[in-house]
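Modelling step: build the complete structure from the supplied sequences, incorporating the hints.
Listed below, chain by chain, are the residues.
There are 2 protein chains.
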Amino acid sequence: MKYREMSREQLQKEKQLLENKYEEYCAMGLKLDLSRGKPNGEQLDVSEGFYTLSMQKPLCMSGNMDCRNYGVLEGLPEMRAFFADLLGVPKENILIGGNSSLQLMFDSLMRALVFGFFNSPKPWLQEEKRKWICVVPGYDRHFRITEQLGFELISVDMKEDGPDMDAVEALVKDPAVKGIWCVPKYSNPTGNTYTEEIVRRLAKMECAAPDFRIMWDNAYAVHDLNEKGDILPDIFAIAKEYGNEDRILYFSSTSKITLPGAGVAMMAASEANRKQILPILGSQTIGYDKINQLRHIHFFENSERVHAHMMRLGRMIGHKFAKTLGTLESLAPMDIAEWTKPNGGYFITLKLKTGSAKRVYDLMARAGVVLTPAGATHPHGIDPTDSVLRLAPTYPSHEELQLGCEVLSVCVRLAAIETLLK
Amino acid sequence: MKYREMSREQLQKEKQLLENKYEEYCAMGLKLDLSRGKPNGEQLDVSEGFYTLSMQKPLCMSGNMDCRNYGVLEGLPEMRAFFADLLGVPKENILIGGNSSLQLMFDSLMRALVFGFFNSPKPWLQEEKRKWICVVPGYDRHFRITEQLGFELISVDMKEDGPDMDAVEALVKDPAVKGIWCVPKYSNPTGNTYTEEIVRRLAKMECAAPDFRIMWDNAYAVHDLNEKGDILPDIFAIAKEYGNEDRILYFSSTSKITLPGAGVAMMAASEANRKQILPILGSQTIGYDKINQLRHIHFFENSERVHAHMMRLGRMIGHKFAKTLGTLESLAPMDIAEWTKPNGGYFITLKLKTGSAKRVYDLMARAGVVLTPAGATHPHGIDPTDSVLRLAPTYPSHEELQLGCEVLSVCVRLAAIETLLK
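Chain order of the listed sequences is X and D. Letter 162 of the first sequence, counting from 1, is numbered 161 in numbering that gives the first Met the number 0, and no numbers are missing. Letter 18 of the second sequence, counting from 1, is numbered 17 in numbering that gives the first Met the number 0, and no numbers are missing.
Hints are computed from structural coordinates only; laboratory data are not their basis. One or more hints might be untrue.
Pairs count within a copy or across copies, as identical chains cannot be separated in the list.
No more than 30 angstroms apart at the CA atoms, straight line, and that leaves these computed lysine-lysine pairs for BS3-like [stated by the list, open to error]:
hint : residue 1 : residue 2
1    : K56       : K30
2    : K128      : K274
3    : K203      : K128
4    : K322      : K227
5    : K421      : K20
6    : K130      : K274
7    : K350      : K12
8    : K322      : K56
9    : K350      : K227
10   : K421      : K130
Set out below in structure tokens:
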């Protein structure tokens, strides 16, 4: 029965039942973490052949080049081809980084501040005001970078097909608006994928800032939960139609393919962008870790093996998503929440009654279940409606997740009743 | 016989002999590279147990932490202890990076430009003028960073005991002078080590810029060629005596201990510096590659093994230094050059007659032997006296080095005679 159709008395009674249940959970001394988009150890074991690989000769060679030594600023040709194949991005546009795509994003914006882009009127640090579009709910670490670097963060709503493009198109008429964060596939934390129309509007929109940049963080490019995953349109190809390929800075990594701690990150950019970036990158480093690039190459051998590997991981994660969604489904009759049902990625977004996300987070925390803090999905950690929670089902074990979901169900219901009884 | 005591006729005759010899070398179609401070494959083989290490459990664990996953911004405690032990720097001051200490240096200066240091009047990019002290001959990649980042580079001579401190002390009275590059042990390319007096003067000097920084690149900290290596005084301890520990940014790496392409870099800084750096670093990355940190830990086990490892490498490099120095000794009777005789590191500096370094470089190149370009040891690639060449004996094989040295001997003599006959 829908909670809001219950009488006060019915609600009071239900509340008492839930409170009793809640105290039982609290007494269990749980210590569960559903907070971060981290793979579970079982997932990491799937990559065992990667990190146990013995890199003796000839495996440490790339052609005639000894990869143990210095050099190869752009990354090994094999690794560039790996990502080109995986992402459908031209190999010549690809630069290989270290173990962190976040670092490549941060470094890109630091370069923009100090040098500007090739088509910038001036270095961004010298702009009187700089603003950045944040699609919400979104990824806290993205928002933190632009906050740290002194951008005013402007929220735009995520809709089912991608960012609210009417809002984006209006905002980019302001020349102080320099860019937008996008996780275009299985977006963090909503799990949806931008449609062709959205990608096209992003690629073709008229920006007042000549050096506007789309930070295209395709972190979940091949992270489907089942055989029929979402299809993300090729933004480079579409942007080219409008002569706007310089607008795209494209990022990805193997963090959630092999190991988060020891994967390989990449960045793809147009020829004009690369021409400006490479000399600066060449001052920053002689080259990233090539041996780890080769480990990936030898572990995967071909793209069929990547696909099989991702399907294995997808099945593991899929069970956890199913369990979490099952719990949420059990809340449907009460009509107290909405949630996303992604085909891939690492997150589910749970939308609660206005003003109750923080309450659910606190209840969960007191019962020993850590969620991503309420507000983390919004700039400056403030969700103005206090209604969004990000659920990350991958890290806990099946048993832990089962328990965590049960506690979540109780807390969501309890908070909803509290709101109704106010 | 000294060349400058020869008659013109004697010189002409000697020149003819040398030219014939030179043409013989040219006809051999040599392809030798004595240009970069790269280890030879034989050296890299000494680390074989490192890059063939299978990182299955429990080796991928640090205590209870699974290092395959995200996290640990400052680096693993074991790796921080490793560097603390190796360098005599307090463990709590140490941050672990990726595979490149150059990157940590570049990133430090980028942060200074965008944010300033904690004791900066303003972000360095907003300073009207910024200047940087470069000890010459010095390391081209250092100079390139500060050149790229818009500093005016000011040369100060390297003396036997370290930088010309009278000159440095005079320069730092200018508040626009923001820092100095130092390779304090087995300096690149002179191979000398700063004495206690020099280190003390650097630590205690009065700087007009409150945020003056010494970029202390201790790249060759344990890279002795024999049992009795040079001793570098502890700059952190000395700076502390004067309350100037915030002045030091200390860098090192295992690039020339294990692998240049896949080593681990570190940075050490005072508590006040770290306090400012960490939140920014935490926006840049979730953490560097911990599995590679663990590979180092498990490969070396204890500091005796590091010592034995470095002695093995030292003996290999020592033979090559001996061969190179032997060739240079054979030039002594002609009194046409001077050179350094380091106890460690990767380089020998060859000082020729004024105006002949570029000529020797060109002659060598035509004979198929690549040297570090003349001028590379100076800011903007310009050696005002055109007299300095950097020799890097490690990369070629013994046979290649033997040949390279023979060609060098002929080219140095030929260029000297050309100068005398002018």
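Now for the hints, and whether the structure bears them out:
Within a single copy, K56 and K30 get their C-alpha atoms only as close as 46 angstroms, which misses the 30 angstroms cut-off; across copies the closest is 24 angstroms, which meets it. In this homomeric assembly, K128 and K274 come within 30 angstroms of each other (Cα to Cα) both inside a single copy, at 27 angstroms, and across copies, at 27 angstroms. Proximity of K203 and K128 under a CA criterion of 30 angstroms is satisfied intra-copy only: 24 angstroms inside one chain copy versus 40 angstroms between copies. For a Cα distance limit of 30 angstroms, the shortest separation of K322 from K227 inside one copy, 20 angstroms, qualifies, whereas the shortest one across copies, 65 angstroms, does not.
Taking the shortest alpha-carbon separations for K421 and K20, only the intra-copy value of 21 angstroms comes in at or below 30 angstroms, while the best inter-copy value is 99 angstroms. For a Cα distance limit of 30 angstroms, the shortest separation of K130 from K274 qualifies both inside one copy, at 26 angstroms, and across copies, at 27 angstroms. In this assembly of identical chains, K350 and K12 lie within 30 angstroms of each other by CA distance solely inside one copy; the values are 25 angstroms within and 92 angstroms between copies. Proximity of K322 to K56 under the C-alpha cut-off of 30 angstroms is restricted to the inter-copy arrangement: shortest distance 29 angstroms between copies versus 46 angstroms within a copy.
Only within a single protomer do K350 and K227 lie at most 30 angstroms apart by alpha-carbon distance; the minimum there is 26 angstroms, versus 68 angstroms between protomers. Taking CA atoms no more than 30 angstroms apart as the test, K421 paired with K130 passes in neither setting, with 39 angstroms inside one copy and 64 angstroms between copies.
When each numbered hint is compared with the structure, a violation occurs for hint 10 only.
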